[in-house]
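Asks: Listed here are the chains, written in short residue letters.
Protein chains: 2
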Amino acid sequence: MTTLFTDLDSYSEWRNSIPFGKTIGFVPTMGALHEGHLSLIRAASAQCDFVVVSIYVNDLQFGSANDFQHYPRTQTDDVNLCSTANVSVVFAPLKSQLFPNEIMTLLQPSNAADHFEGSDRPGHFAGVVTIVDRLFSVVKPTHAYFGIKDYQQVAVINHMSSQLHPDISIEICATEREPDGLALSSRNRFLSQRARTSAALLPKALTTAITNWKSGVMQSSALIDAVHSVLAQDPTIKVQYISIVQAGSMDQVQTVGSADVVIAAVVIDGVRLIDNMSFANA
Amino acid sequence: MTTLFTDLDSYSEWRNSIPFGKTIGFVPTMGALHEGHLSLIRAASAQCDFVVVSIYVNDLQFGSANDFQHYPRTQTDDVNLCSTANVSVVFAPLKSQLFPNEIMTLLQPSNAADHFEGSDRPGHFAGVVTIVDRLFSVVKPTHAYFGIKDYQQVAVINHMSSQLHPDISIEICATEREPDGLALSSRNRFLSQRARTSAALLPKALTTAITNWKSGVMQSSALIDAVHSVLAQDPTIKVQYISIVQAGSMDQVQTVGSADVVIAAVVIDGVRLIDNMSFANA
Numbered sequence: 000m001t002t003l004f005t006d007l008d009s010y011s012e013w014r015n016s017i018p019f020g021k022t023i024g025f026v027p028t029m030g031a032l033h034e035g036h037l038s039l040i041r042a043a044s045a046q047c048d049f050v051v052v053s054i055y056v057n058d059l060q061f062g063s064a065n066d067f068q069h070y071p072r073t074q075t076d077d078v079n080l081c082s083t084a085n086v087s088v089v090f091a092p093l094k095s096q097l098f099p100n101e102i103m104t105l106l107q108p109s110n111a112a113d114h115f116e117g118s119d120r121p122g123h124f125a126g127v128v129t130i131v132d133r134l135f136s137v138v139k140p141t142h143a144y145f146g147i148k149d150y151q152q153v154a155v156i157n158h159m160s161s162q163l164h165p166d167i168s169i170e171i172c173a174t175e176r177e178p179d180g181l182a183l184s185s186r187n188r189f190l191s192q193r194a195r196t197s198a199a200l201l202p203k204a205l206t207t208a209i210t211n212w213k214s215g216v217m218q219s220s221a222l223i224d225a226v227h228s229v230l231a232q233d234p235t236i237k238v239q240y241i242s243i244v245q246a247g248s249m250d251q252v253q254t255v256g257s258a259d260v261v262i263a264a265v266v267i268d269g270v271r272l273i274d275n276m277s278f279a280n281a
Numbered sequence: 000m001t002t003l004f005t006d007l008d009s010y011s012e013w014r015n016s017i018p019f020g021k022t023i024g025f026v027p028t029m030g031a032l033h034e035g036h037l038s039l040i041r042a043a044s045a046q047c048d049f050v051v052v053s054i055y056v057n058d059l060q061f062g063s064a065n066d067f068q069h070y071p072r073t074q075t076d077d078v079n080l081c082s083t084a085n086v087s088v089v090f091a092p093l094k095s096q097l098f099p100n101e102i103m104t105l106l107q108p109s110n111a112a113d114h115f116e117g118s119d120r121p122g123h124f125a126g127v128v129t130i131v132d133r134l135f136s137v138v139k140p141t142h143a144y145f146g147i148k149d150y151q152q153v154a155v156i157n158h159m160s161s162q163l164h165p166d167i168s169i170e171i172c173a174t175e176r177e178p179d180g181l182a183l184s185s186r187n188r189f190l191s192q193r194a195r196t197s198a199a200l201l202p203k204a205l206t207t208a209i210t211n212w213k214s215g216v217m218q219s220s221a222l223i224d225a226v227h228s229v230l231a232q233d234p235t236i237k238v239q240y241i242s243i244v245q246a247g248s249m250d251q252v253q254t255v256g257s258a259d260v261v262i263a264a265v266v267i268d269g270v271r272l273i274d275n276m277s278f279a280n281a
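Sequences listed follow chains A and B, in order.
Numbering follows numbering that gives the first Met the number 0, with no gaps: position 185 of the first sequence is 184.
Numbering follows numbering that gives the first Met the number 0, with no gaps: position 189 of the second sequence is 188.
Since the hints were derived computationally from the structure, they do not count as laboratory data.
Please note that the accuracy of each hint is not assured.
Copies of one chain are not kept apart here, so a pair can be met inside one copy or by any two copies together.
Computed cross-link-like contacts, DMTMM-like style, restricted to lysine to aspartate or glutamate with a CA-CA straight-line distance of at most 20 Å [stated by the list, open to error]:
(1) Lys94 with Asp166
(2) Lys203 with Glu177
(3) Lys139 with Asp166
(4) Lys21 with Asp48
Only chain A is shown next, with the shape it has when bound in the complex (with noise of 0.2 Å):
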């Protein structure tokens, strides 16, 4: 049986109520869940004694707000999904308990989040640390769910928990995809048909990237131009960038090993997709 809390003392007493030494897995969400969502939650369900999914729309990691009020918003359909996977506690706070005095910018991100999303979206991944750092201190979880997708997020998320958090255990885990190598994101269902079907090409692009490397191309910007030049097939499709980073650090490389990850941003007919693939997949 799952339950929904949207009461910070709620949960609370619900927190604590769990024995000290119980295993508590946070899958923190923004709703709109997918196959995605569901593969960290079967992870945490593995693993822990608890599951907790949080659902909160993060204003402060929206640049603009009418993407913000554009987010897709599926409350009850995430519940009712939860329920199937055996979550223990949907929580779904208001705004006014979590941040109930003005909102500072105390909290930055580290390095890691200097390029790339963080370049694209100023103030996107302060938003990011601002509201995980937040959830992780009222929800206490033991373990924290982290799709891989988001690899530049990850990132910056390990570092802050490494820090704020250490008690806290950070689990990554695969991006799901379609059948044609789409990964999932609560964003795809904004593609129109015809950007649906170009979207297939992002994977594909990257997936170029792999297996140039497997066939012996280590030069980044040799691979960097190969991916480049799959996407250029389609005229719809606008990059935003394409970089090869070391794992973690996010660090430009210029020979490829395999720690390393090629990662992406492109645009297509106005929705923004992002993608990543490690080598060490190879």
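Guided by the hints, dock chain B onto chain A, whose structure is given.
Replies: Quick look at chain B alone, frame taken from chain A:
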């Protein structure tokens, strides 16, 4: 009976044994306890079911390694003093347990840190909020006690805590003073006999501002000049700043009202002293 914990897990086990609903009053210190700390402990004791005193000399908030190394360390005396003051727990954690991973400057103080101590001691308040946030997360108090003697620190901690730990009630205690008015401080023990005599001019000078305001002088600049004049009587006193600020915000004021505070920092014989007085007490 006072229990000394140096291990995070042992402390957390104790903390988890305290029933939900009981109050925990927390007095964070850097040790070298004196009557000023005792007044905080007494306030916590009067208000809370349990009192936790932490002793941790936070290197992050020192400008120089030398100042950090020479900060007084008197742990045995401190624990004994806590015992006589009915402190439940003394928590003296190791840095390696508080910060098991690389320390990044993720936490920034609010704008209240921009001037005065903040500009005289770069990085000081980032170090303060980093340690206080971490101690709040580990100690999990319901109330935390700070002395108004560190006026700007109280403003900065209030801002940090109101956002990151809004459930913790911040309690502010009055400044304890020697018979001649000198505010108690761990640094006072570094004053030579001659410097100790000079130091009494600091509270006397601040009192002059209060007295003049009571007799009708409302201009900030005139009141500050009067403080300077008193301190100028002793050429061994080097003024670092004298200012009149709005309570809480630390914004400088032109015309002084009862919610404002006169703050000052001086150096006497190499020892830096700060003090403040509120016009509300006039």
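Asks: State for each hint whether it applies.
Replies: Here's how the hints hold up against the structure:
Only between protomers do Lys94 and Asp166 lie at most 20 Å apart by alpha-carbon distance; the minimum there is 14 Å, versus 25 Å within a single protomer. Within a single copy, Lys203 and Glu177 get their C-alpha atoms as close as 12 Å, which meets the 20 Å cut-off; across copies the closest is 75 Å, which misses it. When the C-alpha separation of Lys139 and Asp166 is checked against a cutoff of 20 Å, the pair qualifies both within a copy, at 10 Å, and between copies, at 14 Å. Taking the closest pair of Cα atoms, Lys21 and Asp48 come within 20 Å of each other only inside a single copy of the chain (6 Å); across copies the shortest separation is 26 Å, beyond that limit.
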